[in-house]
Amino acid sequence: MTGNKHTLVALVEDRPGVLNRMASLCRRRGFNIESIAVGHTETPRLSRMTIVVDGTNAMIEQLRKQLDKLVVTMKVSDITSDDMIARELALIKVKANSTTRSEIIQIVDIFRADIVDVAADSVTVEVTGDEEKVESLLSLLHGFGIKEMSRTGRIAMTRGSSSLLGGEKATPARRGLK
Amino acid sequence: MKMTGAQMMLDGLVKEGVEVTFGIQGGKVIPLFDTMPQYPQIHHVLTRHEQGAAHAAEGYARATGKVGVCIATSGPGATNLVTGIADAFLDSVPMVAITGQVNRPDIGKDAFQEVDITGITLPITKHNYLVLETASLPRIVREAFYLARTGRPGPVLIDVPGDVFMEQVEYHYPKEFDLPSYKPTLKGHPAQIKRAAKLINEAKEPVILAGRGIIVSGAYAELKELAEKAQIPIITTLLGISAIPESHILNYDMLGMHGMAYANLATDAADTIIAIGMRFDDRATAKISAFNPHARVVHIDIDPAEIGKNVKVDVPIVGDVKNVLTQLNKVVESNQHVDWIARLDDWRREHPGLDIRDSESVLPQYVVKLIYEVTKGKATIVTGVGQHQMWAAQHYHYDHPNSFITSGGLGTMGYGLPASIGAQMGRPKATVWCLDGDGSFQMTIQELATIQQERLPIKIAIFNNGFLGMVRQWQEMFFGKRYVATPLSGPDFVKVAEAYGIPGAMAKRKEDVVPAIEQAMKEPGPFLIDFRIEPEENVYPMVKLGGSLIELLEGEEIEKGVATP
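Just so you know, the protein sequences line up as chains V and S, in that order.
Each residue of the first sequence is one higher than the one before, starting from 1 at the first, in the working numbering.
Each residue of the second sequence is one higher than the one before, starting from 1 at the first, in the working numbering.
The shape of chain S in the complex, shown without the other chains:
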């Protein structure tokens, strides 16, 4: 059967199980969109900016575990995807980005809206393709999805010239394909499993550092089994949040730059670190030369290049986390670490970290806590990047698997709103809350129109402090309170929402907080709350500038005047 390139692309998407795509029209992808009505299985979400399409695809992928798909035209359409592709690359999010390209005879001639997007995205994609032969398109689509979702997931870009979309060739959907050089290791090496088990069995003061790998491979039960069997406290990275229910007795919350003091102290004091599906990012380890003074390290990751990259490892295990933990749980012995766990509990009592002081004004921590209470902890929380993101990580209690969606590695402001669109598309029945800062929100505010057009019931909470708050906090602490280019005037967000047909409320005083959240929950559609929070509130704890994990500034100490920033 003969098909056009556009038909083969869409047929490939359907065969790969794609139900939703995100993106924007444009010259070189008109033939692709023109063909879409022939494939009603695919619902296209028209975002208002290609960055929004890429983040929405990420939000969708992270909420569902499926490959997120975004589409943009050549030139500026393609370059606008770049931030989202980089974000997906750093957070290992499965994504296929489809871009239009100028017609084949025009490539390399600086044609209208021509840009070398495969060149530009070379360092931020797992792999990318420029389709020069129409007949190769089905194979490339197949390979792209396979690469995006297997091994360590990541973004794959397919750049398709306009004339390839229009050319008709004989269509064969490839039953098999050839990636001779791509063979992810999925099972742990038995000898390494044994060595790791020995080390874990001998450990007196072990901790598990759980990362996003747990969530990607769905190893929730296996992680819990390991922790319970050997009685090992679990500490998560930012992206490991919700890998273990936070109410679990062995959960000791997040470590790192804004981690809980007890999590950082325990990581520092441990004699054995079992790092699972995490990559020792500098926001998690703080000063790398001071990280881990004592511990022997078992590092489990599907990406061999992560092992030994930042931290010296005693027992490396390359493999899919779920498989490796299943293997490991068979040989790890039941154990008790009563004294060690008691020490962690003491640290938690001495450094609670999550206490919220009394205040008449709207404290951001209080808002997060109340959103948790009103949603009974059942919401999917999506955030932007900045102070609000850290408060969201700290003060919501994530008891449900994969319920926290945030930009970790790249730290992309503007991620929240479009990612929540993807998350809501992926979880139509879930309550999705987008927690955003006023700075972050204004970077992708135009996606309110997408929410309106798709009638998505997303609840938006803006932590409005009139500052680029995280930078302001740094200026306060480390730059002599010189607030350069951080004070931020914004629009009346409630009126902006109203203009998009989205109801909203403002919460200026403490007593406004609960009614506003309740109103949002009652509303069947989207709702926006403009929380006018304490403008110069800081995120604590915080690792000192260039400090190690245990060189922490804690809110309580600073209030009491015991410590100064």
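In isolation and in its complexed conformation, chain V is listed as follows:
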């Protein structure tokens, strides 16, 4: 079954093993994770994950519900069709010598990327943007020879003032039990 790339964002408890639970669920339900990015959020005890997976709308909705069911997840949302900001960061180490270096710098400038390290036979470029931008820059740098590359994978957020937890308080409420 072919589908589209979907962007899921999840707020999860910031505890050991949580990433394993999320990734393991994707695997056993038959989803191939294209990228997964994890980091802290505005709330101390919560992490935010951006997961990019392939699938039809129905398949992804099933995955979203399964992820949401995990005890460690606060909320999982498929923001693919929302108006969203999606970015990734890449570090690209490109072969460079005295003749090619200036050409590389020009290309990097056009993409509003940065040179973050220079060595005798290489420069390291840092680029931030959506995947398309990173891919275009890459294709231009390819000709010089890429020694090493590291990409973060996508992080994403919807535009506008709404947040993932919506009207709910971002701080987890304490609940007593009888």
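Bear in mind the hints are in silico, worked out from the structure with no lab data behind them.
Cβ atoms here follow ideal geometry from the backbone N, Cα and C, with glycine treated the same way.
Treat the hints loosely; a few may be bogus.
DSS-like mimics (lysine-lysine), calculated; alpha carbons at most 27 Å apart, straight line [to be verified]: (1) S/Lys224 <-> S/Lys2; (2) V/Lys75 <-> S/Lys183; (3) S/Lys369 <-> V/Lys75; (4) S/Lys312 <-> V/Lys5; (5) S/Lys187 <-> V/Lys69; (6) V/Lys93 <-> V/Lys147; (7) V/Lys69 <-> S/Lys508; (8) V/Lys65 <-> V/Lys5; (9) V/Lys69 <-> S/Lys66; (10) S/Lys187 <-> V/Lys65; (11) S/Lys429 <-> S/Lys369; (12) V/Lys69 <-> S/Lys312; (13) S/Lys224 <-> S/Lys376; (14) S/Lys224 <-> V/Lys75; (15) V/Lys75 <-> V/Lys5; (16) S/Lys204 <-> V/Lys65; (17) S/Lys229 <-> S/Lys66; (18) S/Lys508 <-> S/Lys481; (19) V/Lys5 <-> V/Lys95; (20) S/Lys183 <-> S/Lys194; (21) S/Lys312 <-> V/Lys65; (22) V/Lys5 <-> S/Lys204; (23) S/Lys187 <-> S/Lys378; (24) S/Lys183 <-> S/Lys204; (25) V/Lys69 <-> S/Lys229.
Heads up, incomplete: computed chain S residues facing chain V, CB under 10 Å, no partners named [as the list claims (entries may be wrong)]: (26) Ala111; (27) Val115; (28) Thr118; (29) Gly119; (30) Pro123; (31) Lys126; (32) Leu132; (33) Arg152; (34) Val156; (35) Leu179; (36) Pro180; (37) Asp303; (38) Gly308; (39) Lys312; (40) Met521.
Fit chain S to the given chain V structure using the hints.
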């Protein structure tokens, strides 16, 4: 007050209302067991294998509705629990499994009897914990029980290093705890209730598919009210058996792979399916692409992830079945479906399914029927997995709520005997019958010792055909009668029972059946009957390999030569 981890664990169990635990000793849980005499409220049942402990905890949980507790040591003890935990996960059985773990400094060093049990059970638990701070143990125990029994119930595992059991810390039983991300939806959404009612009110040919959710939430009266008010036939899944008394006029028995033809035909022909607390398992739906060609579907379940997973749903309602049905019954109108019900009755006349042919040999269907008659339908029936399980589902008439305990989702052979131990512990006054196959029985036969030690009056009926019968049936029908690795020699089960101090009888001929069952019922303690049944008897009806619900092989047709397998 200072307490050890072991004391805090047991104090937590007592506060959670635990009266019985099942399990086996071992290196890392010695401190826990050593502390047990301080908590006489808890009775520990020593099983003979950890798989038995897990199934016994399941049987207990299913018989009582309470959380079943099993305990095992680290390493092999923990891995032996795995089958039972998986079984509880698939059948939504509330369970807390406690495992010992190597001491904290040894974790990750491949220490003696170390295994990553939280890693292993990740996909088969509702949640699990590795306790690294002794002070967090009381909170974890509390959370584990809460998670196990609320929402869609399931197994929760707590892995406790040996040094945590022994460490002393200040003890506070947590009055409240924090599960910010776990909030099961219990009430149905009012707008969805209205939409469902509209669909049900408009239905001309509706059926209710009732699953184990009815039993879990105790929605027997609400289910009956809905069916009676709107005159809707009820069909159950395997695990929905005993959600409605089978003698009820609107009950049309089980659907699925070995369901009754009339139940399958009605499900196929319905214009509206009201699925309640069931999950459209492939054994219930048969070929999924051919399932439900016409009907609009209302699906009620507490687990949102079940809705839309296998079958397209027109009106989803997430919530506890009892609450949702209470809400729904207020807005569903009284109705009649005289013609539709007459059609079901016609199908039932044309495809009776439960007729038993004349035979001098011991027919398994006949044995189940006679157990029903002699027990007057009042027994709690626990089964293993295989042909006998299907005969038990078909030929016993379950008139009492929650009287059928069987492994549905995982289909675990060996479930019967240990689960019956748990069921009997949970229902000390009930008559518990364990119906098992000779193959299934031999997988957990060692639990006879547990029955003996606990003096449990369980009646064991072995359907002994000398085969792994269900597989043999498949070989006969779909693999050219090549009986590879299915013929099974067994011990003399009556002598085995005798060796455990359990009396027994063998029934070889038809006329032996009733006296043996009566003898079992007269015996105050446990009793075992070795029924030497017709070896190559098949379970009918049966959906053809890869077929839809209505592509059925029926016993009568095959006997008459009208159909061939």
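Unmet hints by their number, sorted upward, for this structure: Of the numbered hints given earlier, those the structure breaks are 1, 3, 7, 14, 16, 17, 19, 22, 23, 24, 25, 26, 27 and 40, listed in rising order.
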